[in-house]
Every structure is written in C-alpha cells, then in structure tokens.
Amino acid sequence: MNPISLEALAAEVPDGAMLALPPDNSLPSVALAKALIRRGVRNLRLLGVPVSGFATDILIGAGCVTSVQTSAVSLGEAGFAPRFSAALRAGTIKVIDATCPAIHTMLQASEKGVPFMPLRGLIGSDILANRPDWKVVPNPFAQEGEDPIVLLPALNPDFVCFHAAMADEEGNVWVGRRRECATIAHASKRALVTVERVVPGNFLEDERLASGAINATYISGIAIAERGARPVALLDEYGFDGAYVSEYARMARSEEGFAAWCAREVFEQKAQAAE
Amino acid sequence: MNPISLEALAAEVPDGAMLALPPDNSLPSVALAKALIRRGVRNLRLLGVPVSGFATDILIGAGCVTSVQTSAVSLGEAGFAPRFSAALRAGTIKVIDATCPAIHTMLQASEKGVPFMPLRGLIGSDILANRPDWKVVPNPFAQEGEDPIVLLPALNPDFVCFHAAMADEEGNVWVGRRRECATIAHASKRALVTVERVVPGNFLEDERLASGAINATYISGIAIAERGARPVALLDEYGFDGAYVSEYARMARSEEGFAAWCAREVFEQKAQAAE
Amino acid sequence: MNEIKLEERIAVALAKLILDPSAPPARHIAVGAASPMPAAACWLVKKQGNPVRLSLLHKRSGNPFTEGTRELFDLTGQGRIDLFFLGGGQIDGSANLNLVGTGEWPGMGVRFPGSFGSAFMYFMTPRTILFREEHTPRVFVEKVDNISAPGVSAPGVFRRGTAQALVTGRCVFRFHPERARFSLESVHPGETVESVREATGFTFDVTGDVPFTPDPTAEELALLRGPICDEMMETYPEFCARVFGRKQAA
Amino acid sequence: MNEIKLEERIAVALAKLILDPSAPPARHIAVGAASPMPAAACWLVKKQGNPVRLSLLHKRSGNPFTEGTRELFDLTGQGRIDLFFLGGGQIDGSANLNLVGTGEWPGMGVRFPGSFGSAFMYFMTPRTILFREEHTPRVFVEKVDNISAPGVSAPGVFRRGTAQALVTGRCVFRFHPERARFSLESVHPGETVESVREATGFTFDVTGDVPFTPDPTAEELALLRGPICDEMMETYPEFCARVFGRKQAA
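Just so you know, the protein sequences line up as chains A, B, C and D, in that order.
For the first sequence, the working numbering assigns the number 1 to the initial residue and increments by one for each residue that follows.
For the second sequence, the working numbering assigns the number 1 to the initial residue and increments by one for each residue that follows.
For the third sequence, the working numbering assigns the number 1 to the initial residue and increments by one for each residue that follows.
For the fourth sequence, the working numbering assigns the number 1 to the initial residue and increments by one for each residue that follows.
It should be emphasised that the hints constitute simulated quantities derived from the structure, not laboratory data.
Each hint should be verified, as a subset may be incorrect.
Stated by the list, open to error - Derived DSS-like pairs (lysine-lysine); straight-line CA-CA distance at most 30 Å:
1. C:LYS47 / C:LYS16
2. A:LYS189 / A:LYS135
3. C:LYS47 / B:LYS189
4. C:LYS16 / C:LYS59
5. D:LYS143 / D:LYS16
6. A:LYS189 / D:LYS46
7. B:LYS189 / C:LYS59
8. B:LYS94 / B:LYS135
9. D:LYS47 / D:LYS59
10. C:LYS247 / C:LYS5
11. B:LYS94 / D:LYS143
12. C:LYS143 / A:LYS135
13. D:LYS247 / D:LYS59
14. D:LYS247 / D:LYS46
15. B:LYS135 / D:LYS143
16. B:LYS94 / B:LYS189
17. D:LYS59 / A:LYS189
18. A:LYS135 / B:LYS94
19. D:LYS46 / D:LYS59
20. D:LYS47 / A:LYS189
21. A:LYS94 / C:LYS47
22. C:LYS46 / B:LYS189
Unchecked claim - Listed next, the stretches of chain C that the computed footprint assigns to chain B, with coverage defined by at least 3 CB atoms under 8 Å from CB atoms of chain B:
23. 56 to 69
24. 74 to 80
Cβ coordinates follow ideal geometry from the N, Cα and C atoms, glycine included.
With the sequences and hints as input, model every part of the structure.
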C-alpha cells in the first residue's frame, strides 16, 4: 500500500460519515483532523473511543460536525472543551452520551460480528434512560431472580482515523500498546491512518513488533504526517504539548478567537508547510 | 515476583481444577504438563483454547484428566491424538465439544465480567444440541423476524498454564503476538507461566515489548523452564519438533507404549536433569 | 515547611480512607483521567510501604494497560480492581453522581465533560471513594439534575459496591448505602458542623462530636512534595506546578 | 516431469474453484489447520498473479494474526473473509459436515479430531469449498452420524453462505443450496459417473455429459513443486515430503 498525501486521505471522508476518533491519550491524528477542516467536510457524526479531546473540539469549532457520541469531551488539564460546550448550548450539535466501557463494548460487538453485547452497570443511570437504542433484558443465565442486564447494539463506524508511529512496506501500521486502535479498526468499515514514517520490511515478520501492529487488511489509506499527533503525545516518541492546548483553550473560548486560531494553526501552517 | 521451581509451580494446581491450555500453535507449557504428570495430579478438567494438542494427550494418557472441553484434539501432521481417542472409547474421560470461536467467546465474557456473550453460527449443529448450557434466544435487535442467536455463558477456568518467551523483574511475561494467552489469563482465576528466561527491567516501560506483554497483575506464578514448549514451537526462538511428536504418536498407540514413553520422557528426563 | 495546601490535605484524607481497616483490602487500585488528588493519595499509600498495585489510566511511559483503554473496564469487570475514585459536577445526598451537566439532558444548563466510565465503575468496584474539592451548594445538591451513576441500586440489580466516603475541601463524609445517606466523619480545620451544613445542599447525619480532619504529617508532606511529585509530573504537570510549585524542565 | 500426484490435482481443482468467475470475488481467503491442499491451492492462485490476500492460521513466521487465534473468527464475523475451506470425517448429500465422529455423540464409533471452527465458519463465510481426498461410501454418506456444521439452514437463521463445491480424490461436485444437493461437475481421469456413484453414499445430480477434470498444466506443476513447496515447508513439512518429495533441511 503506497502512502497518499494527507489532503488526499482527508478527501476519502465524505460529508455525513460516522468517524471514530481516539482521545488525547491514544493516538488521535490531529494532522488529519486539521486536513478535514481544510477540506471543508460537513455533517460528520463523531464517535469518541471512548472519550473525545482536542481533535473533536477543533472539528466542532470549524463547523464540520453534526453529532458527537462519546463518554466525555475534555481537554484534560486545560479544562472543558470550549467549542463543544458552545455548540451544545447553541444547539448546533447533537450529543449522544455513553459511558466508556459501553463504547468499547459496542465496537467489540462489531469486531466479533454479533448484533449486540451485554454490559454490567448502567441500570438506574440517565445515560441509559436517554439511549432508546440500548435494551435491558433479564439475564437468561441468572441463578435466581430476574437479574436485569443491559444489551448494547453493535456499532460499525464508517471510518476511523488515528495516528500510528509507523507503517511498513506491506501497509501494516504500528501502534504499540494502544491496541484500542486495532479494535476500532476491526469494527470500522475503513481505517485512515497517518504515520510518522514508512519503514522497510514487514512488522508481522518481526516477533517484537507484530503484537503492536495492525494488519494491513484493516487499513484503507495511509499518509505520512510528521508530528501528526501534535499537540498530543505519541508513545515514547514525543510528549504532550500542554502550552499549545492551553493557548487553544484560551483562544477558543469565543467563536472569533477560535476562528483566529484556526486561520493560524490549520490554514496558515499548512500554507507555510507547502511553500 | 520471584520464579519458583517447575515442580513447585505444578504443586499449585490441585486435583479437580479446571485448567485451560493453549494448543500446539500457541505456547503450551509442555514442561508444566510433564511436571503435573510427575506430581500425579488427578481429575483435571481441561479446556482447550480453542483446541487441544500434545500436552492434553499426555495428561490424558497419564490418567490426570476427567474431562476435556475443546473444539478438537489433534497432533497436527502426526494425526489423531491417541490417548485422547483411547480414553474417549474407554469412557474414562468426558468430552465436551465446542467450536473454536465459542471457546474464545466464553472466555471473552469472563474477561469482560459479563455473564454471557452471543455468537453467530451454531444453529442446526449437534454441538449446540449437546450443550444444554448454551441457549438460543431471539435477537432483541432484529430488524425483522425472530433471528435466533446463541448465547454462551462466561467460562472462568481455575488455572491457565502456558509457556512465555520471557518474564521481567516485575513479573510481567512476554508472549509476542500470541495474545490469546492474555485473554485466557484475563479470564482465568490464576495463570501459571513457564518462561525460557527472566530478564532485567520492565516490559511495560519498553514501547516495543509492551504490546506483547501480559501484566503481572494477571500472573500467579512463574517458573523457568528452558525449552519449555518443546516439542512445540516457541515464536521465533525454536521450531516444532515433528520427529518427537511422530515418535510419541507411534508409541502412544498402546497403553504400554505410552507408559514406556512416559517413563522415559517425563520421569527419566527429569531425573537426568536433576543430576 | 510551607503551609498545607488544600489539595495536600485532601490527598492525605483520601490515603487514610484507602487504608481504612474496616473496609475490604485495596490490593489493586485504579485511577482514572483528571484525578491528580487520588493519584497523589495512591502514591502516598504506596510510598509509605503498603503493598498495593496501582494502575494509572493516564500514565504515558510504562502505562500498565496493553489492551488499550478497554482493559481498565475489563479488569474491573473481572473483579480485580478493589478501589476506584469518582468525582462529580454535582453529587447528591444519596451519592448519585452527575458528571453530565445541569438542566435538561444532556446538560443544557452547564455541561460537564461527561460520564467517563462512572456508570460502570461505580457498580463494579467494591469500593469507590468520591472526591470534590469545591464544597458549595451548587456541587452538593439535594438531588442531582441528571444521574450519570446512581449511588444505590434496586434489589436484584448486580452491584459489587458503592461509595465508601466523600472527601471535599471542607470535610470527610462517610456513606451508608443501607440508608442511602452520608454522615459527617470529620471537618477540616477552620470548618464546623454548621459551616459544612451551610455549604451543603443535601442533608446528612451527625453523630456525637465531629473531630477535625488530622493535618498531614511532616513525613506525608515530604513524600508528596518530593518523590510523589516526581511520579506525577509527566501526567499532571499543571497540578504539580500549582500545588507543589514544581515547574517542568523546559 | 514426474507423474501428477492426486494432491496436486486436487490443489489445482481447488484453485480453479477459487477463481470461478460465477462466484463472488475471493479477495481475502483464510486457511485453517490441517489444510495443506487448500493452502497449496491458495498459493497457486496468488503465484499466478491474482490479487488475493491469504491468511494462513498455522503459519509460524509472519503469522498474520496479532490478536491470537480469535482474530480469524472475528475477521470472518466482520465479513472480511470471502472464502474458507472445510473437510469432514463424513460429508453427506446435503453438505452437512461431521468432524466430530461416528456413532453416538461425541463419536463413540470412530472419533474424529473435532469441529474446529466449522460450526461458525460455514455460516459466516460467503463461500466455502469442501475437500476430502478419500472418496468412499464411509466418508460420503447419505446422512452424517453427527452434524458439526449443517449444509443449509432454516429460513430466518443468519447465514452468509454455504458450500460452493466439494473436491475429492475422484471428482468435483458443485453444491446447490436451494435444493440442498450436489451435482457432478467433473470426474478425474480414470473415473466415470458410474465409478463415482459407486464410491458415494449419497445421491447426486448428473446433467448431460460430465467432463474430465483437466490435468494440471506444466506451469501449475512447476509452481506447486517449486515456490509453493518453499512457502509450505515450514507449516506442512510432512505433506511437502510426501507429495513434492522435498525433505526438510536438517
């Protein structure tokens, strides 16, 4: 699989797609989120696996998003996600709340090819009360009593985007211990991946690398994006840029501030890089 | 976690335990199986994940086993498993047939802490007909019709034994891409692991090794057993010893032949090693 | 020695609750996102020499999870996590938690980040210690606007445990699941039963004289400000800068 | 050129069925345990230049699965595997498979190894090609003693596909799920419709003249005996020694 350009990768995502994104501790592709903003994608239905962070907030701020299914949206130590909060208040996005293991479970159901999976907990929560698509049934294996348990439907996103450390010549990508990216790739129709670099060989033939690799069979497109997770950390390669996120959090408090940030960090940076 | 002796590790398994074993392509601890025979364990309830191989056949031959739940028992190119077949015919073991993904699914249910998980397929098979513990229910999420689907109960073995390439100072073990060993460890009450060697450091602090590691929190005991998977292959470290298994298959056709093999390969080898 | 910071006091109070001999043992504790005070408390317990395994969800180097973020919930589902910590944008007198937001669902008043794993963890962990520094009637309410995780469950609903206690900027409450009410365990220096009552939107029980929450010892403060801050710098740099005055190396 | 081995003929017949233009495309094929002839057929398709991804369950070096053996079944559940191969200790005229054993459950007559993943894969793969070299009335029976995986399912039972064909040491059968019967597609050189009928315990359909299964070409044989044998030596050393006369290096 030959890498394509970041902009070509972004062009693969049509308006209206359901797009799964890992959060700020698990290899989001901020580079691809910025490219999606530049491409002007609209009506994305985002899925936070299991929560949402920086990439989700900038996509919302840029007007690319119509709904967010997630278990939380946060900028970590920089606080609440400002464009998410503003859009929720303004009614411009629909928010579908879940709880972390429920998101994982719905994706695991797709990974396994079953229509649903059960999950403990949840009963008595307003999250459940606001999810008409989740069902409570008696546990058919209960020793005694009804033992109600929640069944969650399989969730099959159209796309997942994440940032891997590297790809190999065969199109396998390497995510180290962040194996939730593998689960999301298994559960999604297509996986678009940015990488720091492409290396020779085949990860699957290296016993040390195989377990952190995602087989090319799940990968639909790869683009090289150096520092593509920034400001988020990438495994042992680079750390979290707290100052960058704090500045964003400050500027994005207002729509104008976000627009200025976006002009500078999404459009100008790209123009500079292209020079 | 300090390694203990192989014989001490075998002593941890009480008579009557349900013991999960990976098959011949996925890091069985043949060394521990032999130590269990020497210890004279009785009434083991074996679980093949998802099938059974050499270690299961020798444990059955030595009279350690009362039942086997598995999706197949085979010595690969060396053919049918002779002591398994003989014990089934003689009625000295109970055989509970499953199908590979059903074994994985029952363990994944335990891994997730749910009482059951669904699985497609199976309907119309006599495997299902002979599993009163498996249930068929209408899919509550069906678009139309009843859409019957099988629910499998969580399976929580008392022990799992496998052979990892190495352990570190913290008691984490490394299995490379054979990650089913992690799932079984998660799903079992206790995991007893033999390793080729113990190395300094902490796999979880090495991004290259972390994804193939199983956290010490799941591991109850470790013993060093060099070449502990033999005659089975160990990742990229050593290959399958087909001649050894063929000789076993030949000798184990009869009870006397098995006894001779066992005396030589299980008891004498140990005595020699101890000299 | 500098003055005792409120965060330090809360961390030490949390550590005492972790070690509470009347509770089932905490052999394996998990700490979720955005929880620097609980993380500090766990490190304190560990650095004091108690045998405990810590799984810190947001640790970057040496992160304990090799199955991704799913593993914390699986571990808990397996019954391997003995203790977890939860906060809340609102917490009510029945220990119901609201991490979603005020007003109409899904938080059309003030939106909080969201439930994270609370709607699962609160059921599946034998012990949960609740924490929230801001102790005001807008946080501690009679009834939460939205329940992200309920404090108690109907009979027959599978549940391993609930809140053990609630540590705030003013006091320590104990939770009594059998009557779904809090009682006041201790008040921090400078507070009284009355001042706590005024700052709390829910009613709670008071039995006899309520002691002061003991001050952190010099040894505890030294551990927090030294080796524990070292451990936490990577995950919580802003917290370490604010509370311990430690700046990250450039 | 040496004489054509029956295994080579079967592998080539399997390869032709893989490429059958009337069937949905086989972009991703999985091969399970103990299946050297299907593995050889897949390699033949690939070495002939067809774009196909092979996932060989028992490959040791470069094994394609990084989630353990579960991943093959998950991949199939996801609908990503287009074609799989199954054999059987008994196969009947409705394409029911018995991999468990003859006589009373669980095989008190002759015990076979067991069902492996057949009770799942046969339902969840759009195309299954059946193979069994031994073509005798004890293998191809009117009705299997025990069904490890059924050839057809009742309406309303979720099923993506079933048998496309059955390749034996004597012939190639086509399967017709709508009437749950096999028809004779070709007979291997030396066989006739009558000799096949005599060796088969189930009835099957015959339409018009039944052609001979074409011989493997010189090019196909060269691929099998050279580069394909190279690929298979690690996983199937005994098969390679027996069929291709290749001994493993000491």
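Checklist line | Which numbered hints fail | finding: Hints 18 and 21 not satisfied by this model.
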